[in-house]
Amino acid sequence: MHREGHETGTPNGASGGGRPRGTAVRVGIGGPVGGGKTALVAALCRTLGQRYSIAVVTNDIYTEEDAEFLRRNGVLPDERIRAVRTGCCPHTAIRDDITANLDLVEELEAEHRPDLVLVESGGDNLTATFSYGLIDKQIFVVDVAGGDKVPRKGGPGVQRSDLLVINKIDLAELVGADLEVMRADAKEQRGELPTVFSSLRTGPAATEIADQVTAWLPPGAR
Amino acid sequence: MLAALLLADARTPLGGHTHSGGVEAVVRDGTLTGVGDLETFLRARIRTAGLVGAAFAAARGFAIGELDTEFGARTPSPALRAASRAQGAALRRTGSRMWPAPEWEILRRPHLPIALGIAAVASGLDQAQAAELSVHHLIGGACSAAIRLLGLDPLAVAALSAGLASLAEQTAALGVSAANTARTPAELPSASTPFPDVLAQLHEQSEVSLFAS
Chain A
1 MHREGHETGT PNGASGGGRP RGTAVRVGIG GPVGGGKTAL VAALCRTLGQ
51 RYSIAVVTND IYTEEDAEFL RRNGVLPDER IRAVRTGCCP HTAIRDDITA
101 NLDLVEELEA EHRPDLVLVE SGGDNLTATF SYGLIDKQIF VVDVAGGDKV
151 PRKGGPGVQR SDLLVINKID LAELVGADLE VMRADAKEQR GELPTVFSSL
201 RTGPAATEIA DQVTAWLPPG AR
Chain B
1 MLAALLLADA RTPLGGHTHS GGVEAVVRDG TLTGVGDLET FLRARIRTAG
51 LVGAAFAAAR GFAIGELDTE FGARTPSPAL RAASRAQGAA LRRTGSRMWP
101 APEWEILRRP HLPIALGIAA VASGLDQAQA AELSVHHLIG GACSAAIRLL
151 GLDPLAVAAL SAGLASLAEQ TAALGVSAAN TARTPAELPS ASTPFPDVLA
201 QLHEQSEVSL FAS
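If you're matching them up, the sequences are chains A and B in order.
So the first sequence is residues 1 to 222, counted in this note's numbering.
So the second sequence is residues 1 to 213, counted in this note's numbering.
Take these hints with a grain of salt, some might be off.
Unchecked claim - Listed below are several chain B residues computed to face chain A (Cβ distance under 8 Å; list not exhaustive): (1) Pro13; (2) Leu14; (3) His17; (4) His19; (5) Arg93; (6) Thr94; (7) Arg148; (8) Ala178; (9) Pro189; (10) Ser190; (11) Ala191; (12) Glu207; (13) Val208; (14) Ser209; (15) Leu210; (16) Phe211.
Hint data in this document are derived by calculation from the structure and do not stem from the laboratory.
Note that the Cβ used here is the ideal one computed from N, Cα and C, for glycine as well.
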């Protein structure tokens, strides 16, 4: 894996602040611990990786095991994955102080000119949300095993994310989650914003989610 | 004054929250286990790394690139050099938006005290304020990391920070005077604490670490 850090302070013309825009579309993937964020990153890399150039910044506690998971499942070479260590504040790193993430996103954009950069947040709680200073679109991932009341609880991720993914629907019956309740609550909370029900176990291509991400890419990239 | 408060405020996005100032490494090592150890650690760090940072943040009239090189020479651990540059880059990113100035364009990833010196000049702070901010961030970063990693009582740690204020101020003043007597950047202070430097290097190589440094 690659850690943040540079040995040179050499001058160049790079912009000093804000968002120097490349062509990459940046998509944040957030949500509570265990919902399937890393699995979704792997699925998107697998499904979209042949057509688009992709890079990933992960904010999760990143171990060799995670790297191996992405290598094995994500068909993404190591040099396209960077990890931010968030100082026990996953929330801060994607919302209040996005500087560490911007640093790595821009580094990947400069090195690989990707069409798409996925920024995976560390597992957090329902109040987590990405700053639009860091990303262009965000996906919020929850799972049925977290309880079918989750969409009703709301929070910025459930209410305002650009795509809500309700994952692990294959487990719904086992955990007594009522998908229709979740569907109705999500609709109530989100209005016209899209919600996708998925199981990355039975549908490892994550087709519907990948289609949504593709729609966010500029016509040239598509 | 307001500029100093903004630069001292953890709510200003300067990237500091991802760094522990060496605390995670000494916690992992078992050397730092409570508020008492944190005080011992900080008193040593303020007198050494704190003095060096203060002097470099307060240095005026030298070439930025030369200051940056000299600060790098005082940071033997590659991991700590990278951490210092990452924080300097974050400060540059935000600081150049808050107080635009041509000096920000000299280095893309300056060391942290160099970036702090640029921010201080650009925002109209004096040398003492720049030096005190440098020491303040050293203390604040370590304290906040220790609270998060060990679950220390934040009120006790706040009291510790207040108790360290006079040492911090004295150190900042020493830094300013060293900055003003140095004829070249090479003559700026070079005190260090080797043990945390070595641990920082091991920290960088450890598989699971929560802080960038």
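Evaluated hints:
The beta carbon of proline 13 of chain B is positioned within 8 Å of a beta carbon in chain A (closest approach about 4 Å), and the interface hint is therefore held. Given hint, leucine 14 of chain B at the interface with chain A, holds; its Cβ is 7 Å from that chain's nearest Cβ, closer than 8 Å. Interface restraint check for histidine 17 of chain B: the shortest CB-CB distance to chain A comes to about 5 Å, inside 8 Å, so the restraint holds. At a threshold of 8 Å, the smallest CB-CB gap from histidine 19 of chain B to chain A is about 7 Å, leaving the interface hint in force.
Look at arginine 93 of chain B: its Cβ gets to within about 5 Å of chain A, closer than 8 Å, so that hint holds up. Because the smallest distance between the Cβ of threonine 94 of chain B and any Cβ of chain A comes to about 6 Å, under 8 Å, the interface hint for this residue holds. Evaluation of the arginine 148 of chain B hint against chain A yields a held restraint, the C-beta minimum of about 4 Å falling below 8 Å. The interface hint given for alanine 178 of chain B is violated, since its Cβ lies 22 Å from the closest Cβ of chain A, which is over the 8 Å cut-off.
The beta carbon of proline 189 of chain B is not positioned within 8 Å of any beta carbon in chain A (closest approach about 20 Å), and the interface hint is therefore violated. At a threshold of 8 Å, the smallest CB-CB gap from serine 190 of chain B to chain A is about 19 Å, leaving the interface hint violated. Hint status for alanine 191 of chain B relative to chain A: violated, with the closest Cβ pair at about 22 Å, above 8 Å. Nearest Cβ of chain A to the Cβ of glutamate 207 of chain B: about 6 Å, under the 8 Å cut. The hint holds.
Hint status for valine 208 of chain B relative to chain A: holds, with the closest Cβ pair at about 6 Å, below 8 Å. At its closest, the beta carbon of serine 209 of chain B sits 6 Å from a beta carbon of chain A; the interface hint therefore holds under the 8 Å criterion. For leucine 210 of chain B, the interface hint holds, since its Cβ comes within 8 Å of a Cβ in chain A; the closest pair sits about 5 Å apart. With a least beta-carbon distance of about 5 Å to chain A, the hint placing phenylalanine 211 of chain B at the interface is held under the 8 Å criterion.
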